[in-house]
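> Just so you know, the protein sequences line up as chains P and W, in that order. Per our numbering, residue 1 is the first one in the first sequence, and the count goes up by one each step. Per our numbering, residue 1 is the first one in the second sequence, and the count goes up by one each step.
The reader is advised that the hints may include incorrect statements.
[Unchecked claim] Residues on chain W that point at chain P, a partial pick, calculated with CB under 7 Å:
id, residue
1, Ala-90
2, Ala-98
3, Leu-106
4, Val-112
5, Leu-117
6, Tyr-120
7, Ser-121
8, Leu-134
9, Gln-139
10, Ile-321
11, Ala-352
12, Gly-353
None of these hints come from the bench; they were simulated from the model. Even glycine gets a Cβ: it sits at the ideal position worked out from N, Cα and C.
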Amino acid sequence: MNGQLRKLPLTGLLLLLVLAFLLDISAGAVRIPLHDIFRILLAPSPGDDASWSFIIEKIRLPKAITAVLAGCGLSVGGLQMQTLFRNPLADPGVLGITAGASLGVAAVLLSGGSMATIYAIKELSSPGSWLIAGAACVGAGGVMLLVLVLSGRLRDNVLMLIIGLMIGSITLALISIWQYFSNPEEVKDFLLWTFGSLGGVTGRQLLILGVTVLTGLVAAFLSSKMLDALLLGENYARSMGLTVRRARTIIVCTTSLLAGSITAFCGPIGFIGIAVPHLARLFFNTSSHRVLVPACCLIGTILLLLCDCISQWPGTQSVLPINIITSLVGAPLVILLLVRKRDLNVNAYR
Amino acid sequence: MNAGSPLLYAKGLQTGYHPSGKKIVVTSGLPDLVIGSGRLICLLGANGSGKSTLLRTLAGLQSALGGTVEVGRATAVGGEMGRGGAMELADCRHLSPAEMARSISLVLTDRVGGANLNVYSLVALGRYPWSGWLGRLDQTDRAAIERAIVAAGIQDLRHRKIHTLSDGESQKVMLARALAQDTPVLMLDEPTAHLDLPSRIRLMRLLHHLTREMNKGILLSTHELDLALQVADEVWLLQTAGPLHKGAPEDMVLEGVFEAAFAGEDVVFDRTTGVFRISPEGERRIRLAGEGTIAFWTRRALQREGYVVGADMRADQLVRITEEMGATRWILETPDGSRSFGSIADLLRALAGVRKD
């Protein structure tokens with residue numbers, strides 16, 4: 001009976017996913033008819049409009065793929081953190097990884113006059129954003145190592161959560177100091193980065209992001225059983241034969257990989273990581289991570305694709321930052337769903 | 001496996017904590033402790049006497065400061081336990097967490113709230129040490145889950161969400177989870193706390209039944225001395241900064257172990273009934289004439305008021321229980337005359353009035 005109940009939302013969501021993906025590719029300032037999009041995607045020929053092919057292959061398709069990767073990665077990262085810390089408010093940024101990436105980027109963008117503005121960096125095409133991505137990776141990696149070293153010394157997951165929050169707080173304070181002593185132009189560049197962007201990840205960057213996120217997702221799926229055991233808290237998990245410290249290290253590594261790489265290439269994208277796990281539990285009515293991990297991928301992808309569509313509202317030339325749209329559109333949606341279906345008790349972790 | 005053959009054996013155990021290099025001993029000088037198959041053992045002790053620490057140490061949740069814990073290594077899979085020869089004991093430090101989890105299952109006081117778990121999924125988690133690397137359940141697992149659900153009597157709860165359960169239901173579900181783990185030893189940390197009296201008795205009866213039917217060795221910590229005395233095959237009495245007494249509960253009552261352990265000005269252990277009384281007996285004496293249930297409860301009420309109650313003692317007050325037209329009457333006879341009451345409450349009110357005069 002359970003299986004059949006699950007199939008219904010699954011089919012609907014898969015359809016929605018395809019729709020959202022196509023919608024995202026067709027959305028944008030230049031209007032390209034849907035059958036032309038199909039032709040360019042499925043059977044490219046030299047007769048195609050060159051600018052349309054360029055727009056789809058080099059801009060919209062990579063952006064849609066980035067949205068898929070970021071949607072999956074952030075949602076699964078959030079799910080892992082919520083389960084590990086048994087806290088419905090946890091998200092992938094809870095360990096300070098996102099803040100670490102921001103610190104890396106701040107170091108580059110705010111390090112004084114020698115560095116070009118983000119627009120110049122973008123004009124210089126890849127080398128510039130490699131610099132930002134690299135700096136973000138170093139920042140996120142540094143915080144992750146710190147968290148891992150500390151996590152090895154702790155028995156308790158709640159302490160881990162508090163320490164993660166503290167590290168994030170310290171990192172953000174460092175960034176604030178840096179901003180305080182920088183000139184307004186540089187601060188604006190940094191601010192633009194914090195708005196997040198799914199565009200601009202192409203070619204080799206997309207490959208790297210893809211490999212990292214897929215690795216993280218596979219690792220998360222293989223951790224399903226450990227995550228299930230952690231639902232009952234550490235003591236029960238231990239009594240069922242789970243080595244809690246090792247499980248925590250694996251989960252922290254996986255989430256860091258996911259959140260770190262996505263933040264490095266796309267900037268901080270909020271909301272997805274905290275909301276999607278709740279939606280996945282709501283739609284699939286289960287607690288089994290074997291189901292929830294793929295479910296989070298599915299829902300996270302759809303949500304981020306739709307947000308991306310909205311961010312480039314048809315008919316307008318301007319593009320709103322993705323980080324704003326995810327919160328502005330996503331939050332009311334989640335509130336609506338939670339209020340309508342009250343029997344999902346998100347707050348019953350303890 | 002014969003009833004009573006050892007499933008867990010703790011030698012010279014010292015329990016406590018290791019916070020930041022220091023060593024804080026909670027209990028030392030423990031005698032050798034054995035959990036035998038088919039035995040229900042109650043671990044009693046006052047708050048703060050180290051019951052939970054001892055239980056957690058025996059279960060391997062925290063390491064012992066000294067001594068060893070040996071557990072029977074489960075060799076058979078799913079339901080085959082309890083047959084075959086005696087179990088081979090192995091030092092739990094040499095066992096992997098998964099092997100430990102196949103030998104000992106636990107019911108803890110930790111709250112298990114939510115994350116959208118339903119009862120079946122929670123019981124299924126008990127199969128964790130047996131199931132495959134992704135947690136898939138096979139035929140054996142499903143059979144074990146079904147047996148556990150039936151044994152704990154939670155068939156009707158199967159599809160309920162955990163956070164909608166009452167305390168009593170929740171405790172039974174956690175017990176079912178431990179049963180699904182299919183271990184020879186089962187340990188429960190204060191399983192009767194938060195339960196109402198009938199639920200407590202039902203749970204204890206269920207545990208007693210499990211030791212007899214499934215031949216499990218069960219250790220539970222509890223504050224319920226009177227319940228423990230009724231169902232336990234063995235009692236371990238842990239005292240703050242004192243030795244651990246163990247033995248059959250009846251022997252311990254007769255030897256006066258409980259009186260010595262819980263001795264205090266305001267609490268009295270009544271050896272004849274096996275229960276604690278709140279206030280000590282007073283100086284006032286009263287005679288009670290009557291038998292059976294009504295007399296028993298009348299005696300309890302009088303004792304609560306501080307009377308020494310006796311059937312044939314010399315006292316100037318006498319309570320007689322009679323029946324008039326199908327209704328019970330309490331007749332209070334004093335040197336001033338006799339009065340009749342329709343309830344114990346009225347009787348007590350009158351006695352209080354007499355005392356004031």
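> Work down the list of hints and note, for each, if the structure agrees.
Taking the hints in turn, this is what the structure says about them:
Of the supplied interface hints, the one on Ala-90 (chain W) is violated, with its beta-carbon coming no nearer than about 15 Å to a beta-carbon of chain P, more than 7 Å. Here the hint on Ala-98 (chain W) is kept, as its CB sits about 4 Å from the closest CB of chain P, short of 7 Å. Nearest Cβ of chain P to the Cβ of Leu-106 (chain W): about 4 Å, under the 7 Å cut. The hint holds. Taken as an interface hint, Val-112 (chain W) checks out: its beta carbon lies about 5 Å from the nearest beta carbon of chain P, inside 7 Å.
For Leu-117 (chain W), the suggested interface contact is upheld, since its CB lies about 4 Å from the closest CB of chain P, less than 7 Å. With its C-beta approaching chain P no nearer than about 9 Å, Tyr-120 (chain W) sits outside the 7 Å limit, and its interface hint is violated. Interface hint status for Ser-121 (chain W): upheld, as the beta-carbon distance to the closest one in chain P is roughly 6 Å, under 7 Å. Interface hint at Leu-134 (chain W): satisfied, since its Cβ lies 6 Å from the closest Cβ of chain P, which is below the 7 Å cut-off.
The beta carbon of Gln-139 (chain W) comes no nearer than 17 Å to any beta carbon in chain P, farther than 7 Å, and the hint placing it at the interface is violated. Below 7 Å, beta-carbon pairs count as interface contacts, and Ile-321 (chain W) has none with chain P, the closest being about 52 Å; its hint is therefore violated. Taking 7 Å as the C-beta cut-off, the interface hint given for Ala-352 (chain W) is violated, the closest approach to chain P being about 47 Å. At its closest, the beta carbon of Gly-353 (chain W) sits 52 Å from a beta carbon of chain P; the interface hint therefore is violated under the 7 Å criterion.
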